[in-house]
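All chains, full assembly: derive it from the sequences and hints.
If you read the sequences in order, they're chains L and F. Mind the numbering: the first sequence is residues 1 to 332 in my numbering, read in order. Mind the numbering: the second sequence is residues 1 to 327 in my numbering, read in order.
Hints may contain errors.
[Said to hold, decoys possible] Per the computed footprint, the stretches of chain L lying under chain F, defined by three or more beta-carbons under 8 angstroms from a beta-carbon of chain F, are:
1. 189-200
2. 227-237
3. 265-278
[Unchecked claim] Pair by pair, the computed Cβ-Cβ distance ranges are:
4. F:272 - L:232: 25 to 35 angstroms
5. L:130 - F:16: 49 to 59 angstroms
6. F:198 - L:290: 25 to 35 angstroms
7. L:280 - F:308: 33 to 43 angstroms
I should point out that these hints are in silico values taken from the structure, not numbers from a laboratory. Predicted, not measured: the structure shown is a model, and the values here were computed from it. For each residue, glycine too, the CB sits at the ideal point set by N, CA and C.
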Amino acid sequence: MSQNGALLEVSDLVTRYPVPRGLIGTIARRPRQQVHAVEGVTFTVGAGEMLALVGESGCGKTTTAQTVMRMVEEDSGQIRFRGRDITGLSHRELRPIRREMQIIFQDPYESLDPRFRVRDTVEEPLLIHSEGGSGKQRTERITEALVRAGLTPPDLYINRFPHELSGGQRQRVAIAAALVLEPKLLVADEPVSMLDVSVRAGILSLLDELRKSGLGILMITHDLSTASHFADRIAVMYLGRIVEEGPARDVVRSPRHPYTKALVSVVPKRDPRDRTEPQILQGETPNPVHVPEGCRFHPRCPIAIDDCRATDPALEPVPGGGAEHRGACIRM
Amino acid sequence: MSRDLLRVEDLHVWFDLDGGGELHAVQGISFDLAEGERMGLVGESGCGKTTSILAMMGLLPSSASVSGKVILDGVDMLEKGEETVAPHRWHDVAMIFQGAMNAFNPVKTVGEQIAEPMLLHGTASSKSVASARVRELLELVGISGSRAKRYPHEFSGGMRQRAAIAMALACQPKVLLADEPTTALDVMVQAQILELLISLTHDLGLTMILVTHDLPVVAQVCGRAAVMYAGRIAEEGPTQTLYHDPRHPYTRMLFAATPDLYGDDAVISIPGAPPRLDRELVGCPFQPRCDSAFDPCPSKEPRERSFDGGHRASCHLNELPTAATVA
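Here it is in structure tokens:
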């Protein structure tokens, strides 16, 4: 499946966290338990493409992003960035690669240093990577990044502190700081969920512009509507696995995995006439410490059969769909 | 349609500011609700949604002054301030606070916390009566009564929100004011809670005001909605009409700024920010951000006009001879 020349190729990625046992647990030698955050995830992001990883809390989407950024160690699997396997690289070897892949976070109220002016925030990555030349040249780079992030005229913003900016403007500063190193890949972890409705569209359109200019974007979101509007492809995650993946339109309009179908049915629609009978799944996503045997979705699945308890389905092209549209369900 | 249960008339709220001056947070809102009806109150942060419903509960801090009427079953609850609101609070009108699910005391069981106000308000005569009622309330919101003895950390987010709803229902209110009840929840849990709220209005005849910034949630749950801007109601009407035939550009632009699962149209943000409310507003408060503003908008306050089907809006465009230009 890995298209040649994809910017980012992730294959069979597994990331687990140990569950703290505590002193008594350690003395009693209780077995070590693990959170199976990411359990064999494979996807690609091309240049000029936006992939949305969609799922509920605890599905592993943020851990996937953090592992890709090498902020978290993977247990196994491969992350190839521009053709090079970056999984085994040391901190030092990673440095030049870190410039090319940048991340922006959910909360622009917390991700900016309140004592830093906009200039300092955007300049910091240049200083860390000893880049940008003289002070004057750096100012040029900062100004360019601000303009690209939609903070125009830049003079109006460059000397401000975060508290003098709105939420949308802060997120734009965070984006400018990510852009100043001219990365190839941008990971956006819930970039608009803390922002007011009226400004979300602006940030999302900005990401869309950046994608059109050639940047590859991996967007992490819980909001299927946002993914449907802005992403080229959507990958739906459940309990550490991608259960369905394909062109955004196909996944949203003709979902094939029962989990995606249920999700699509419960997303509130703008037009009251589009209201469909929500197909509500009972309970909540199980704890990723104890992942169900067989298909991990079977305990909540409305169409599960005996086989589903035993077979852990692989992600395969959906019958009658395009080659790009894949699902992990034996009942498709 | 049954008669009006709740009528809000010309509600104003002012806050005294520390450095002197006042902030006019709610600037004369009026609406009414029939029994069993579900109405949405929508708008951006800071438009006065939460302040309005806190005023209806008489729960604003002492720095706030309130004027206007909140008439429940023909009686003005605000007539003598706290004296007249207190008997109705929780008994007739109850509220689910934003973030209520995270406000449980971690060292007390969920059951104890739901029972506490009943014992305090004297609606339950003894502890055993209260605990029987707690089990009943938990079952009502879809939690097994045996879970009353559990602590908040043993509940998932969705269950804690259900428990918060149970708490609001403790004194059998007629009106439930729900402030962003699903904002922090995952979409599947959100759907479960919204279905619960809908079924409560059916089963208990509860009347509900749903405060949210999320238009699609309102479109799914409420038959009617009021769109607030700068402390005023810019437009009110059936949710279908608001989407298909808006009479205020703010309503149209809010919908256009909201991504939709099936929408193919471009999502467009609304430029600028809402006006400051610590100074007097001149003209239409939305004019600086409006894409259809014209001559009278900066200087003249728009008049509210009514349309068919309980639909009203305050926009100068509606005064034009060809009044279809808003949408």
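Evaluated hints:
1. Here's how the segment 189-200 of chain L fares: 5 of its residues keep a CB closer than 8 angstroms to some CB of chain F, so the rule of at least three is met and the hint holds.
2. Only residues whose beta carbon comes within less than 8 angstroms of a beta carbon in chain F count, and the segment 227-237 of chain L has 3; three or more means the coverage holds.
3. Given a C-beta distance limit of less than 8 angstroms, the hint that chain F covers the segment 265-278 of chain L holds, as 11 residues qualify and 3 suffice.
4. For the pair residue 272 of chain F and residue 232 of chain L, the beta carbons lie near 31 angstroms from each other, so the given range of 25 to 35 angstroms is met.
5. Between residue 130 of chain L and residue 16 of chain F the beta carbons are some 53 angstroms apart, a value that agrees with the proposed interval 49 to 59 angstroms.
6. Take residue 198 of chain F and residue 290 of chain L: their Cβ atoms lie about 33 angstroms apart, and the range 25 to 35 angstroms holds.
7. In this structure, residue 280 of chain L and residue 308 of chain F meet the distance hint of 33 to 43 angstroms, their C-beta atoms being roughly 35 angstroms apart.
Checked against the numbered hints above, the structure breaks none of them.
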